[in-house]
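Colleague: Sequence:
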Amino acid sequence: MLSNELISKAMSLGANEKNAFLEKLLVAVGSLEDTVTSRKPISESLMAQSRAATDEIKKILNDNVQRIEKKNVELRKKINDIMKDTSKLDELNDSMKKLSGEHQILKAAYERVLKEKNDADERLSVIQQQWETFMRGV
Numbered sequence: 023m024l025s026n027e028l029i030s031k032a033m034s035l036g037a038n039e040k041n042a043f044l045e046k047l048l049v050a051v052g053s054l055e056d057t058v059t060s061r062k063p064i065s066e067s068l069m070a071q072s073r074a075a076t077d078e079i080k081k082i083l084n085d086n087v088q089r090i091e092k093k094n095v096e097l098r099k100k101i102n103d104i105m106k107d108t109s110k111l112d113e114l115n116d117s118m119k120k121l122s123g124e125h126q127i128l129k130a131a132y133e134r135v136l137k138e139k140n141d142a143d144e145r146l147s148v149i150q151q152q153w154e155t156f157m158r159g160v
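Quick note, the sequence shown lines up with residues 23 to 160 if you use our numbering.
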């Protein structure tokens, strides 16, 4: 749009005015070129700093990823150890239940045998008394 307006304006000017206009236009273009050229090192510097910052961020992110992956491996190992320990605890619980059941059976058997012994002791006592009575009567 701007270039069409400049061309239209240049066409409407006289020869001297055209030369003055073209001279001003050349000065403006040169000034613009100087500005672009003078800002190019700044732009390149900013781009280099941006790349360096980006590379540093990538390095930090990669370091964090590696640290997290290492921690993840450690946590998985701990989880596996806990699962093994839990399995051992389950086995111990099962053994305890089995032993508790056997203990109850043995306890009941002991009480039955103790009762039989007490009954036998009573019968023996009765027999001994009868024997003593018999021996006194003879």
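Since the hints were derived computationally from the structure, they do not count as laboratory data.
Keep in mind that the hints are not guaranteed to be accurate.
Said to hold, decoys possible - Computed list of lysine-lysine pairs in DSS-like fashion (alpha-carbon distance at most 25 Å, straight line):
1) Lys120 with Lys139
2) Lys139 with Lys129
3) Lys81 with Lys92
4) Lys110 with Lys100
5) Lys119 with Lys139
6) Lys81 with Lys100
7) Lys80 with Lys92
8) Lys106 with Lys120
9) Lys99 with Lys110
10) Lys80 with Lys99
11) Lys129 with Lys119
12) Lys110 with Lys120
13) Lys106 with Lys119
14) Lys92 with Lys106
Values in this document were obtained by computation on a predicted structure and should not be read as measured data.
Colleague: Run every hint past the structure and note whether it holds.
Modeller: How the hints compare with the structure:
no.	hint	result
1	Lys120 with Lys139	violated, 28 Å
2	Lys139 with Lys129	holds, 15 Å
3	Lys81 with Lys92	holds, 16 Å
4	Lys110 with Lys100	holds, 15 Å
5	Lys119 with Lys139	violated, 30 Å
6	Lys81 with Lys100	violated, 28 Å
7	Lys80 with Lys92	holds, 18 Å
8	Lys106 with Lys120	holds, 21 Å
9	Lys99 with Lys110	holds, 17 Å
10	Lys80 with Lys99	violated, 28 Å
11	Lys129 with Lys119	holds, 15 Å
12	Lys110 with Lys120	holds, 15 Å
13	Lys106 with Lys119	holds, 20 Å
14	Lys92 with Lys106	holds, 21 Å
Hint compliance for this structure: hints 1, 5, 6, 10 are not met, and every other hint is.
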